[in-house]
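Asks: Each chain, written out:
There are 2 protein chains.
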Amino acid sequence: MSTYQLYQELTQRAADFRNAAAVLEWDQETYMPVNGYAARGRQLASLSAQAHELLTSAAYEHTLAQLRHENTLTWEQAENVRLSIEDLEKNKKLPPSFVAELSKASSSALAAWIEARKKNDYQIFAPELQKMVGLKKEQAARYGYVAHPYDALLDDYEKGATVALLDPIFQRIRTALPPLLEAISKAQQVSDRFLRQHFEKKDQFQFSLDVLQAMGYDFAAGRQDYSEHPFTTSFSPQDVRITTRVDEQDFCSLFFSSIHEGGHALYEQGLPLSQEGLPLCSATSLAIHESQSRLWENCIGRGKEFWTHFYKPLQARFPTQLKDISLDTFYAGINKVYPSLIRTEADEISYHFHVLIRYEIEKELLEEQITATDLPRIWAEKYQHYLGITPTDDVHGILQDVHWAHGSFGYFPTYSLGSFYAVQFWQKAKQDIQGLNHQIGSGDFRQLLAWLRQHIHQHGRRYRSEALCTRITQEPLQVEHFLNYAWEKYQHIYGITR
Amino acid sequence: MSTYQLYQELTQRAADFRNAAAVLEWDQETYMPVNGYAARGRQLASLSAQAHELLTSAAYEHTLAQLRHENTLTWEQAENVRLSIEDLEKNKKLPPSFVAELSKASSSALAAWIEARKKNDYQIFAPELQKMVGLKKEQAARYGYVAHPYDALLDDYEKGATVALLDPIFQRIRTALPPLLEAISKAQQVSDRFLRQHFEKKDQFQFSLDVLQAMGYDFAAGRQDYSEHPFTTSFSPQDVRITTRVDEQDFCSLFFSSIHEGGHALYEQGLPLSQEGLPLCSATSLAIHESQSRLWENCIGRGKEFWTHFYKPLQARFPTQLKDISLDTFYAGINKVYPSLIRTEADEISYHFHVLIRYEIEKELLEEQITATDLPRIWAEKYQHYLGITPTDDVHGILQDVHWAHGSFGYFPTYSLGSFYAVQFWQKAKQDIQGLNHQIGSGDFRQLLAWLRQHIHQHGRRYRSEALCTRITQEPLQVEHFLNYAWEKYQHIYGITR
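Keeping their order, the protein sequence lines are chains A and B.
Counting in the numbering used here, the final residue of the first sequence is number 659, and the numbers go up one at a time with none missing.
Counting in the numbering used here, the final residue of the second sequence is number 659, and the numbers go up one at a time with none missing.
These aren't lab readings, by the way, just hints derived from the structure by calculation.
No residue lacks a Cβ here, since even glycine has one placed at the ideal position from N, Cα and C.
No incorrect hints appear here.
Chain B regions said to be covered by chain A (calculated; three or more residues, Cβ under 8 angstroms):
1) 172-183
2) 206-216
3) 379-389
With the sequences and hints as input, model every part of the structure.
Replies: Rendered as structure tokens:
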């Protein structure tokens, strides 16, 4: 066996354990009976320990050290080795005792967050959060950083992203979006009441399947099920599953979560199968992943062309609910902008203030300008400042997202980055593909998917986000594309001018 | 950490990998998209290799060696150690190279069996089967045996069972059952045509759920799904799942497979949770497992008392199909006896000839009295001899079961043993529980389940089959109980005399 074959076997075996864990997690969120939790927790812990053990073993490290200067490798082999070395060197910065401490703190924070949500009392969670902030600072110090500890944490989700990159982007959001929100709030309001009628569960589900099919999601290599929180998971590019949720009193809940997860899933199905279990067969970053879900959810699924084709089938499925609603009214309704308390239910514009607020707080916590105890007051001030609204309680405020309990600091910004990348890719795709709007208006997404496959999916982790973006659009991420897109879209819907 | 704790941790970690594999297999049979097979195969191989590696590691062996003479253990601890040593010593008899060869031969035999079934041509499978027979002989030699190589193979499924035990049992079947079959064939025949009407899938499923609920199957620790072949699987006593299949033109297919798997599942849910992941938290043997499924399926689910309670709800669910069918007619119909070609569809009596034929052939193959090439002729002769019928083709003959492709020689007899144990336990339960028939006639299975839990389930692997049977019924397995039960039951249904 060659050294590369040995490397490949070890890496793929670790991937087998991670993928097996992903199957167990999928099952836990979809079908597992309630009493199964205790055993499932142990099984998951054993699987992740095993994958970790393999990838930090002396044998693995030795194999990579041998391959580092090997010059007979193909470019894919060399890329896999380079990325595995990058991962290993990062892994080695956290001693097992610290990883265990972080994992314990996360379990404990999660339990506190659940309890705090149940009692609608953030202060139950605050001490755990403060402890987590301390550990994240330690983690950042262990990883090392040049300018800001937040940079080290961002690197877990978005390699190469830094505060120096994000600050100007969010500063632009801070100044450029409020005028748009203000113009919209002064315009004639659009109605979305017709979306809040009874839409039968199985009809909603079937409609989403029809749309996923049209998008090119391969049901021979995937499926859609229900779970409390929608997600995408992959056990192989040949088995990529999505979940959704349903609210029979709100058409948007299932549909937009399905198309969003469908976007993630198309990315996973398009990763290079020949590199399965190896670094090249994984996504670039969270932001690029999110660019795929947002492109399908917002640029397409909330676009006029899409509904030019799909509104008729939707009306046919829900004749009593939609027979008197015109395409224009429907289109305006699904794009209604109004500041609200919950990030995951936010419109395309105010969404970014939810993220901005998390970003500001995360930085301030790491910089020790504030402590976890202060957060409800700070949260209320920021929501008032940016969106003109005040949380009614903790569950609709600071407790709404689980991320901090998991120790995910530096994760939130990738949601906004993803939306901005999405628009930049979308504009480029429209330039590259002649008649793309017309194709979408006919329910034909084949050229668009081929474009995404060619420019993004097939590369896996080969390029980092900013390199990939420049490669595709000949410039790094420019938030102006998003701002132009947003103004143009909402000018039409609300009859406003910039 | 004490030595026992170390042993416990290693054993439970191996169980985590095995249970994770069981989740992946469940998923494969229920929900996995078709393209998922390749990746799933690799994931399963990695998990089972990991479990095997742990349980044959020097560290594990050393720990057991230390515990062998440890005298401060509780009785449960001592039992776990004893059973783990038993397993380890058996495992060590097969070198990894032989295990790999067996596994390769089994994959190849499985592929040939699938191909042979597709083309309805047994001779495609014959060379693979002959090779498998050679390997099973080698396996028996490596295990070691006193009287017959078959004894060594039986030991994998039914510890302590031997040809010396089985031969007299099957000899009794050979002589005692044909007169019963003959008496039935000469009697007034009963009708089961009403069972072959259209029974709506979801109503069949719901009825089976109602029955499972009444049996005491805990849906907080289990669930029922569809799969091609019904099975029971367990990832913990707190997560025991069953599957079923449906034929909308045959009421019996879903119902009796559900109640059968439900019997297996009650056993798994009743294993001692305090010993989870350790030998004591596993079943005695395949025959005892089968005794639980057969007791519920046949003694109860094909019994008159059961339907005294459940026939009304069934009629209410299928009013047009059953309104003119009396309870007596229904009861006779679900117990109709007629020799048929397929084991899994056989009635309670002729079933055992299907098993007997497999048993005879397995022994003759191992004794080299016959070869795989001869089997279609031998199969036809035996079916003619015992059941008076001749297979129409290979798919309805020798290719009907997958077991031999898996290398499972010595497995079939446990089906019959299970039925015989079931009756012996059932008769004892009726003696022990006052008014049991009346309880069942009211749909109340609580005392019966408590009895099974007390006498069988809670003991896990503590006793071997014959010891457990003697402990419960004060005698070893006696096939006469089954024969008496069968004569009594069918005398009533067919109006015959012994």
